[in-house]
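Take the sequences, apply the hints, and build the full model.
Taken in sequence, the protein lines are chains A and B. Numbering-wise (numbering that gives the first Met the number 0), the first sequence opens with residue 0 and increments by one. Numbering-wise (numbering that gives the first Met the number 0), the second sequence opens with residue 0 and increments by one.
Hints were generated in silico from the structure; no laboratory data involved. Fair warning: this is a prediction, and the values are worked out from it, not measured in the lab. Be aware that a few hints might be false.
Unchecked claim - Among the chain A residues that face chain B by a calculated CB cut under 8 Å, a handful are:
{"id": "1", "residue": "D39"}
{"id": "2", "residue": "V48"}
{"id": "3", "residue": "H72"}
{"id": "4", "residue": "Y76"}
{"id": "5", "residue": "K84"}
{"id": "6", "residue": "T87"}
To be verified - In silico DSBU-like links for lysine-lysine, alpha-carbon gap of 30 Å or less:
{"id": "7", "chain 1": "B", "residue 1": "K9", "chain 2": "B", "residue 2": "K83"}
{"id": "8", "chain 1": "B", "residue 1": "K83", "chain 2": "A", "residue 2": "K84"}
{"id": "9", "chain 1": "A", "residue 1": "K95", "chain 2": "B", "residue 2": "K83"}
{"id": "10", "chain 1": "B", "residue 1": "K48", "chain 2": "A", "residue 2": "K122"}
{"id": "11", "chain 1": "B", "residue 1": "K143", "chain 2": "A", "residue 2": "K84"}
{"id": "12", "chain 1": "B", "residue 1": "K31", "chain 2": "A", "residue 2": "K122"}
{"id": "13", "chain 1": "B", "residue 1": "K113", "chain 2": "A", "residue 2": "K122"}
Here a beta-carbon is modelled for each residue, glycine too, at the ideal position from N, C-alpha and C.
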Amino acid sequence: MPDVEAENSVWASIPVGDDLGTLDYVLTEQMVADYCRVVDNPHAAYPTVAARHPANLFYRKYAAVMRVPNMGHDSEYFNPPIPGKRITISGRIADKYIRRGYTYLVVEATAVDEDGRLIERSKLVGLARAVGKQAAHGNIAKKWGA
Amino acid sequence: MGRVMTTTLKVGDRLSSVTREVTNEKMIEFEKCVWDRGRNSHSDINAAKADGISRTIASGQNQMAFLHELLEKNFGDSWVYGGKISVRYIHPVYAGDKLTANGIVAELIEHDGKPGVVVQVWCENQNGVKTSAGTVRAAQPSDKRSWIRAREGAPT
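Following this line, the structure appears as structure tokens:
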């Protein structure tokens with residue numbers, strides 16, 4: 000078996016616990032309405048599902064060198080976001096591992112609104128792919144026949 | 000919003016399912032709403048090919064949205080205020096697929112100090128192929144839908 004870690008030196012260089020900083024945005028009434036319409040759920044509680052907090056934080060720092068196609072999510076939901084409130088998300092690399100010869104990164108993001116209400120904590124399980132070396136979804140295509 | 004389940008769930012109980020069709024238009028819109036991600040393998044055929052896949056696939060979060068609806072419908076506040084989900088995306092979803100989000104109670108637990116359940120959840124396509132699978136933890140179903148009232152400005 001090839002040395003997966005050596006082959007994916009970018010993945011190897013990203014430390015668990017790495018701080019991804021913060022981002023903020025206002026969740027507008029229009030955003031909520033758009034989300035509810037697109038998912039055919041007029042009362043969807045968490046339009047933030049479409050905001051991809053972990054991925055956005057990750058790519059702000061690592062977009063030039065690494066892709067993390069979404070293989071899964073581990074999420075907790077505390078209080079639905081209120082339209083018009085500013086949401087601040089903060090993130091970190093929560094874990095990394097090799098499974099069946101593939102490198103994974105777990106990216107965690109926590110969302111809090113301007114009143115300090117905890118909204119959600121979401122972990123993206125991403126299949127780590129080095130930009131320029133591996134097609135982002137190449138292994139997914141092989142695995143799924145996509 | 001569908002049937003409100005207020006009974007106490009038991010092991011083996013099936014949740015009331017949710018079925019939604021995935022269209023190319025909605026896949027594109029999903030990538031733009033709330034946070035515009037630009038063109039990517041979920042919305043643009045050229046981006047998909049550059050990423051190593053032959054056609055666009057719906058994002059995992061698109062399936063997550065359907066699972067949320069399943070859980071809002073069946074659990075109400077018990078899901079929305081304190082629910083946990085762990086899900087893996089295991090098969091591609093394409094435009095034209097009809098996905099059904101399902102759940103079956105696997106275990107009775109204590110959840111945040113209240114009687115709760117572990118539910119096996121999954122989405123499957125029109126051919127019965129599972130496209131995602133995972134587990135949910137939540138308190139037993141509530142008949143309250145407080146977030147809807149809160150969004151409408153009414154006291155909860």
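Hints, verified against the model:
Annotation: interface hint on D39 (chain A) holds; nearest CB of chain B at approximately 6 Å, less than 8 Å. A distance limit of 8 Å between C-beta atoms decides the matter here; for V48 (chain A) the minimum to chain B is near 5 Å, and the interface restraint holds. A least Cβ separation of about 6 Å between H72 (chain A) and chain B falls short of the 8 Å threshold, and the interface hint therefore holds. For Y76 (chain A), the interface hint holds, the least distance from its beta-carbon to any beta-carbon of chain B being 5 Å, beneath 8 Å.
For K84 (chain A), the interface hint is violated, since its Cβ never comes within 8 Å of a Cβ in chain B; the closest pair sits about 12 Å apart. Interface hint status for T87 (chain A): violated, as the beta-carbon distance to the closest one in chain B is roughly 14 Å, over 8 Å. A C-alpha spacing of about 19 Å is found between K9 (chain B) and K83 (chain B), which places the hinted pair at or below 30 Å, so the restraint holds. The straight-line distance between the Cα atoms of K83 (chain B) and K84 (chain A) is roughly 23 Å, inside the 30 Å bound, and the hint therefore holds.
With a CA separation close to 21 Å, the supplied pair K95 (chain A) and K83 (chain B) stays within the 30 Å bound. Of the pairs offered as hints, the one joining K48 (chain B) and K122 (chain A) holds, with about 27 Å between alpha carbons and a cut-off of 30 Å not exceeded. Taking the CA atoms of K143 (chain B) and K84 (chain A), the gap is near 23 Å; set against the 30 Å cutoff, the hint holds. A threshold of 30 Å between alpha carbons decides the hint, and for K31 (chain B) with K122 (chain A) the separation of about 21 Å falls inside it, so the pair holds.
Distance restraint check for K113 (chain B) and K122 (chain A): the Cα-Cα separation of roughly 24 Å lies within the 30 Å cut-off, and the hinted pair is therefore satisfied.
This entry does not satisfy hints 5 and 6, going by the numbered hints stated previously.
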